[in-house]
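Residue numbering for the sequence shown follows the numbering used here, starting at 99 and increasing by one per position.
Because the hints were derived from the structure by calculation, they are not lab data.
Since this is a predicted model, take the numbers as computed values, not measurements.
We treat Cβ as the ideally placed atom computed from N, Cα and C, and that holds for glycine.
Where hints are given, some of them may not hold.
What the hints assert, rightly or not - Here are the simulated BS3-like cross-link-like pairs (lysine-lysine), alpha carbons at most 25 Å apart as the crow flies:
1. Lys150 x Lys167
2. Lys112 x Lys155
3. Lys121 x Lys167
4. Lys155 x Lys121
5. Lys167 x Lys112
6. Lys175 x Lys112
7. Lys121 x Lys175
8. Lys167 x Lys155
Said to hold, decoys possible - Just the calculated beta-carbon pair ranges, DEER-fashion:
9. Leu114 x Arg187: 19 to 27 Å
10. Asp131 x Ile166: 22 to 30 Å
11. Ala179 x Asp154: 31 to 39 Å
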Amino acid sequence: MDIAKSAAKYEIRKSLRQEELQKIFEYTASIFDEIMIDDFLFTDCECDQCQKARGDKTWADYRCSLMIKVGRQRILKPARAARHPALARWSFWLAADVQPAATEVGVNTKRRV
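Between the sequences and the hints, there should be enough to build the whole structure, so can you do that?
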């Protein structure tokens with residue numbers, strides 16, 4: 099199985115996927131004070147719906163804004179609701195390689211919840 103292609107099919111743009119993420123982080127934050135988020139949490143989907151959603155933005159701009167929104171609304175906010183204070187840390191070790199796939203580690207890691 100091609101992991102990169104299967105990851106692209108996750109389509110984080112879909113609200114169902116975002117709800118799944120939120121449940122995972124609510125549960126995880128209820129157990130742990132600190133959550134390390136692997137840099138495989140990204141999107142590189144180019145399906146018709148994503149093309150429509152990006153409008154006239156570049157893929158990088160669209161994906162980064164999507165991941166910032168999802169990170170704040172579906173990861174950080176729910177984690178804080180489950181346990182205050184909680185800290186979500188995005189991994190940096192591969193950041194340069196995945197940046198085109200929109201892991202906005204710099205913005206999201208600075209957000210203390």
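Restraint check for lysine 175 with lysine 112, where alpha carbons must lie at most 25 Å apart: holds, 18 Å
Outcome for the supplied range 31 to 39 Å, where the beta carbon pair is alanine 179 and aspartate 154: For aspartate 154 against alanine 179, whose Cβ atoms are near 35 Å apart, the range 31 to 39 Å holds.
Consistency of beta-carbon spacing, isoleucine 166 to aspartate 131, with hint 22 to 30 Å: holds, 23 Å
Pair hint lysine 121 and lysine 175, alpha-carbon separation not exceeding 25 Å: This hinted pair holds, its Cα atoms lying about 12 Å apart.
25 Å limit on alpha-carbon distance, applied to hinted pair lysine 150 and lysine 167: holds, 18 Å
Arginine 187 and leucine 114 - C-beta distance against the hinted 19 to 27 Å: holds, 26 Å
Pair hint outcome, lysine 167 versus lysine 155 [Cα-Cα no greater than 25 Å]: holds, 16 Å
25 Å Cα cutoff - pair lysine 121, lysine 167: holds, 16 Å
Pair hint outcome, lysine 155 versus lysine 121 [Cα-Cα no greater than 25 Å]: Violated, at about 30 Å.
Given hint lysine 155 paired with lysine 112 - CA-CA distance at most 25 Å: Distance of about 19 Å is within 25 Å: holds.
Distance restraint between lysine 167 and lysine 112, which requires alpha-carbon spacing of 25 Å or less: holds, 13 Å
Of the numbered hints listed earlier, the single one contradicted by the structure is hint 4.
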